[in-house]
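Please model the entire structure based on the sequences and the hints provided.
As given, the protein sequences belong to chains R and S, one line each in that order.
The C-terminal position of the first sequence is numbered 301 in the working numbering, with every residue numbered one higher than the one before it.
The C-terminal position of the second sequence is numbered 737 in the working numbering, with every residue numbered one higher than the one before it.
In case anyone wonders, no lab produced these hints; they're calculated from the structure.
Idealized CB from N, CA, C, for every residue including glycine.
Mixed in with the good hints there might be a few duds.
What the hints assert, rightly or not - To give a feel for the contact side, a few chain R residues facing chain S, derived at Cβ under 8 Å:
id, residue
1, Arg74
2, Asp132
3, Leu153
4, Gly244
5, Ala261
6, Asp263
Unchecked claim - Listed next, with one range per pair, are the computed distances between beta-carbon atoms:
id, chain 1, residue 1, chain 2, residue 2, range
7, R, Ala31, S, Asp384, 19 to 29 Å
8, R, Leu93, S, Arg358, 51 to 61 Å
9, S, Gly736, R, Phe232, 22 to 32 Å
10, S, Lys600, R, Phe232, 36 to 46 Å
11, S, Asn365, R, Ala110, 55 to 65 Å
12, S, Gly521, R, Trp64, 36 to 46 Å
13, R, Thr279, S, Lys619, 52 to 62 Å
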Amino acid sequence: MADAVPRHSKSVGRPSVAWALPGALFFVFFAVAPMILVVALAFTDWDGIGTPQWTGLSNWTRLWDDPDTHQAIRLSLVLTVLTWLVQTPLALLLGVWAAGHQRNRAVLSAIFFLPLLGSSVALALVWKSLLDPNFGLIADIGPALGFEDGDLLGSSTGAFGAVLFVTAWQFIPLHTLIYQGGARAVPRSLYDAAAIDGAGTVRQFFSITLPQLRNTIVTSSVIMVVGALTFFDTVLILTKGGPGTDTTIMPYLMYKNGFQAFDLGYASAVATILVVVATTVSLLLVRLTGFTAMRSTREGM
Amino acid sequence: MRIPRSRSSLRATGLAAAAALVVGGTLSGCGSSGPGGSGDGEISVWVYQDPSTKVQRQVVERFNKTSKIKVKLTQVPGDGYSDKLRTSMGTPNAPDVFFNWGGGSISEFVKKDMLLDLGPAMKKDPSLKKGFIPSILDAGGINGKHYGIPMRGMQPVILFYNKDVFEKAGAQPPKSWNDIIKLIGTFKGKGVTPFVVAGTDPWTELMWVEYLVDRYGGAGVFKKIQSEGKDAWGDPAVLKTARTIKDLVGRGAFGKNYKSVNYTADGASTYFAKGKAAMHLMGSWEYANQKTNQPAFAKSGLGWTTFPSVPGGTGDPKNVVGNPTNYWSISGKLKGKKQQAAIDFVKFAAKQDYAKALIANGDVPTTSDASSLLNGHENPTYAKFQYDMVRDAPDFTLSWDQALPAKYTPPLHTNVQKLFNGQLSPTAFVDAMKGM
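See the structure below:
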């Protein structure tokens, strides 16, 4: 009996390291190895043919002085912050609402999730035609939004707003889904107890739902922030980084240097910065919110 | 369209190319694995796949009937052509003969000595050189040497106008810059945009810059930029051009919302066909484009003329800009019999049968004896206008975004777009070009 217990606990405990091997190998081959190569390429000059020439820090000094890069970093950060500010409240409210089991909510949430099913490229193309200044929807509603002649994509704020809006429209459903799951996991008994204590719906939301969703908020935020930092398709199709360079965010800058200019060394330097920033931000987010501590939201229950 | 380095010429057929991409899976050698190098008895030929590819398919069939060394044709779906070619050059999978756009699309290969200089072959067989319009042949060369044989139709940039709109306004197509300025006033008064330009696709704005620089300073200005580098952007013609663009924008020549107009999703062409704009500066593919999307307009409403001269300009008003054509280039690695076979193969492009096939496809061939064949074109007047315009042009300047090495394309587009948007002043534009 004495030695049966440890063996038993071993078999129901954590699976052995071998289980992680396929995933780890996949990660090493398709993520770690390319990342190392990208970092190495960032110190070379390479046009895609021939062999890369070692150029030391020249890409990096160029990066440091390049106004396009400064603008791209700024735009990426602004886009990330605004994305979070726009998407989180909407997704949170929708998710909590969709967590109810009423039939109308089930039907409406199914409709809300539709944008998630389309490919980013197809959706961006649809929005591009909607934003055509002469034939699109914007030709009619533009003046009401302050864009005379439907010239939304031609204005810096308009084009940036369009990217922000289209991504929000596309990704809020995903986050709604996450919040719906989170909200459904909140124990019914908490609400029953609150109701007995005389708490209304609003009070219940702020005192029970929101605190209980803390981990969900962190998860959703990390996905959102990393997603916004690496966002690409919509910019490529909707604005092509324009007008001028006013929507050229970091991933698009990387594409422009890498696959339009075939300046793969410089593009790798941009990519390296992107990897470092995205990793740092998501780590910080997880750290600062105490997500790593795995503190239970059910403490005291 | 997601075409990183594809040429504006082919963007018009982007959708068709996308469709071809789907169909292409069933054709031989279209996989991403690469067709591999050629065997002993064959040479590998790569071509950009689009609806015009059938002309090349036919010529390969004809060639293989007579030749001992066979051609193995690989059709690369449009979107990926440039990337695929670039990544395969310098590997054993590189093609022996390949389709390209001349200029910047092969300059890197020439620099690395990967292409066959066609000079000796042309000396041996003068028909190879005399067979084509000289300005077209020259546009495919680099530093005076020939690396390409023209193999598709010509694509000059033409000033198109809407006949109905002109008729309603009682106006005549512009013959001088003065006419242009007057017409801007006329059409604005009628509530019609004088010129449609697709501001979200900066290569359409670049056409204006190319023509104006040519008219102000001649074809030599850009040649100097190509040979001497960035400082040559300081030529006064460039600054004059930038000022003229600013003036045109200020006059409302392009309307109010040109910054949001696109070409690739047919925004500009539809606007033009519907009579909301009077004129459209665009490549010759605009005709085919209109024929597909607005057939009635293409048939009776579409007019065309040349780009006028400018006051004080020294450039020859007969000069043309645009995409001369596409070329076959031969790998420098080919030797002996295989090299000869490759030369024999590209020579087919100089023959009348080939020119006829191009005409049947709606293209205007670049061979020097094509004039008499043009009656077979679906629109002989248009074909002859184009052919004469190009044949008589002392210089045919290749679109800058194709003529310059790839790394200059993004900043060139950005700077031109900023100039049109008023985000760069004319002097700042010149400085930005010098700093590319």
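Here is how each hint holds up against the structure:
1. With its C-beta approaching chain S no nearer than about 16 Å, Arg74 (chain R) sits outside the 8 Å limit, and its interface hint is violated.
2. With its C-beta approaching chain S no nearer than about 5 Å, Asp132 (chain R) sits inside the 8 Å limit, and its interface hint holds.
3. For Leu153 (chain R), the shortest C-beta to C-beta distance to chain S is roughly 4 Å, which falls under 8 Å, so the interface hint holds.
4. At a threshold of 8 Å, the smallest CB-CB gap from Gly244 (chain R) to chain S is about 4 Å, leaving the interface hint in force.
5. For Ala261 (chain R), the interface hint holds, the least distance from its beta-carbon to any beta-carbon of chain S being 4 Å, beneath 8 Å.
6. Taken as an interface hint, Asp263 (chain R) checks out: its beta carbon lies about 5 Å from the nearest beta carbon of chain S, inside 8 Å.
7. Between Ala31 (chain R) and Asp384 (chain S) the Cβ separation comes to about 22 Å, which falls inside the hinted range of 19 to 29 Å.
8. At about 59 Å, the beta-carbon gap between Leu93 (chain R) and Arg358 (chain S) stays in the expected band of 51 to 61 Å.
9. With their beta carbons about 27 Å apart, Gly736 (chain S) and Phe232 (chain R) fall inside the hinted range of 22 to 32 Å.
10. Between Lys600 (chain S) and Phe232 (chain R), the C-beta spacing of about 41 Å keeps the proposed range 36 to 46 Å intact.
11. For Asn365 (chain S) paired with Ala110 (chain R), a C-beta distance near 57 Å keeps the hint of 55 to 65 Å intact.
12. Distance hint for Gly521 (chain S) and Trp64 (chain R): a CB-CB separation of about 38 Å, consistent with the stated range 36 to 46 Å.
13. The hinted range of 52 to 62 Å is satisfied by Thr279 (chain R) and Lys619 (chain S), whose Cβ atoms lie roughly 59 Å apart.
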